[in-house]
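Trainee: Chains as they are written, first to last, in this note's numbering: chain A, 1 to 248; chain B, 1 to 245.
What the hints contain is simulated information worked out from the structure, not anything from laboratory work. There may be inaccurate statements among the hints.
Said to hold, decoys possible - Not everything, but these chain A residues come out facing chain B in the computed CB check (under 8 Å):
| # | residue |
| --- | --- |
| 1 | 78 |
| 2 | 101 |
| 3 | 108 |
| 4 | 111 |
| 5 | 112 |
Keep in mind that this is a model prediction, so the values were computed, not measured. All C-beta atoms in this analysis are idealised placements derived from N, C-alpha and C, irrespective of residue type, glycine included.
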Amino acid sequence: MNRVFSLAAATLFAVTLAVPAAPAPTVDKIVADYVAARGGLTKIRALKTLRQTGRIFAGQGREALVVREVKPPGRIRVQFTIQGVTAVFASNGTTGWKVSPFEDDMALKELPEEVTREAIDQTDIEGPLVDWKAKGNTVEFAGNETVNGQATYKLKVTLKSGAVRYSYIDVASHFEVRVDSTRQVKGLDLKIETTFTDHQKTGGVLFPRKIEIAAEGRPQHARVVVDKVELNPALSDALFERPNLPKP
Amino acid sequence: MRKLPFLLFLVPAALFADVVYLQGAGTITGRIVEQTATTVQVDVGGGIIGVPMSNVERIVKARCPLDDFEARAAKLAANDTAGWLKLAEWASQNGLPMNAHDAYEKALASSPDNAEARQALGYTKLNGRWLTEDEAYQASGYVKYNGEWMTPSQAQIEQTNEAQDKARKDAEYAAVAAEQRAADAEARAEEAEKEAKKAQEAQQYAYPGYGYGYYGGYAYGVTTWPTGTGPSLGAGSRPSGGGRR
């Protein structure tokens, strides 16, 4: 109990120290600074397709090579390779499909609707804060918080789809350093914290190269290391479409 | 350098791995150990995977990371800790986590306190002692619930949610069962009514004095209404067909 109290007190102290005396800037100012830090609107808007290659580590020796290809609107294809076995999950913006030998199933299958919806939400390469009004998203200031010892502005972002996430923008660098979202896991709403570090520019646009995903109340984190970012690679629409297989 | 293309022709195809392309997307890369008309068995370096031929689009020979791993491992001495660490990292970068694990184990065998190998294998140093991931979570006060480590309070939340979810589902099943029993009873009641009418007509012929009331009483009486468990569904059983689930 003492330990919990000490932790809470320390956190409260840190938060108190971090809160700037001056009033917080407007949402528009926070977002404008964030967009500028990412490379500016022109460069961000020039992104038509994106390919990220890296590795994901999930503890207990579980790791995979990951290739994530995105072509808005709505098209996403994620490929995982573990020990010579490659699985593919994709969506064309309307429906989703997978071939997932890891699940002991070599056949092509439809993705559940909720999984497809979640995947489509991730295809906004620009991010939901860029042109948020035009995209039908809403953004509200939700306070000041400290993330990994750094002062941040907390923004509540409600996507057009209705999904809510909280974005933490570093006060000093204006980088997005954390996003909180809620995901259904085994029928339960679970808070997911995604932390971004090691930001680097590719083609003048900023990308985090280390991403850590933590679920509420669980010590095991998934770590993603992005080894390569490719801007505007040639991605045909067919990559995302469900392959037409001959009838058995 | 000019000799390279020629030398490549001399490399037997059997040295290359097999890439099994699945119908639609996805691949299995390794060495085919058995192939029949219905199945192909592929050794991926960490186990054998069976693929139904009906899911296979094509199979091609190609050099793969597993080939390179084995060639590099064959050249390393057992006590070459740095060499095994380098190979382990390479295997990890090339999607061979099981081979990476083996290479880290080799590094540990020659250098048991090597921090890089220990951390890569999931060990955490606590009070000067290397603990496995599970031991470290346990020592930090986490509990394992449904195969996942979590805080005791999170486990409590999930346990409560699961119990509530089960109670909700049980209530739904009970409602469906009751609905079905009611429908069965109604059908039987209708049938009984028809039978009663027939019998009444017959009785009216044979025994005019009994009248309609008796048979009517029987047809709509207690015996055809569902009892506690009903005629077709035992307590707690689920409907075998139809209705909501």
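Trainee: Minimum Cβ distance from residue 108 of chain A to chain B below 8 Å?
Mentor: holds, 4 Å
Trainee: For the hint on residue 112 of chain A, does the least C-beta distance to chain B fall short of 8 Å?
Mentor: Check failed: Cβ of residue 112 of chain A comes no nearer than 17 Å to chain B, outside 8 Å.
Trainee: Less than 8 Å between beta-carbons is the criterion; does residue 101 of chain A satisfy it with respect to chain B?
Mentor: holds, 6 Å
Trainee: Any CB of chain B closer than 8 Å to the CB of residue 78 of chain A?
Mentor: Violated, about 11 Å.
Trainee: Is the interface hint for residue 111 of chain A satisfied, with its Cβ closer than 8 Å to some Cβ of chain B?
Mentor: Interface hint status for residue 111 of chain A: violated (13 Å vs cutoff 8 Å).
The structure fails hints 1, 4 and 5 (numbered hints given earlier, in ascending order).
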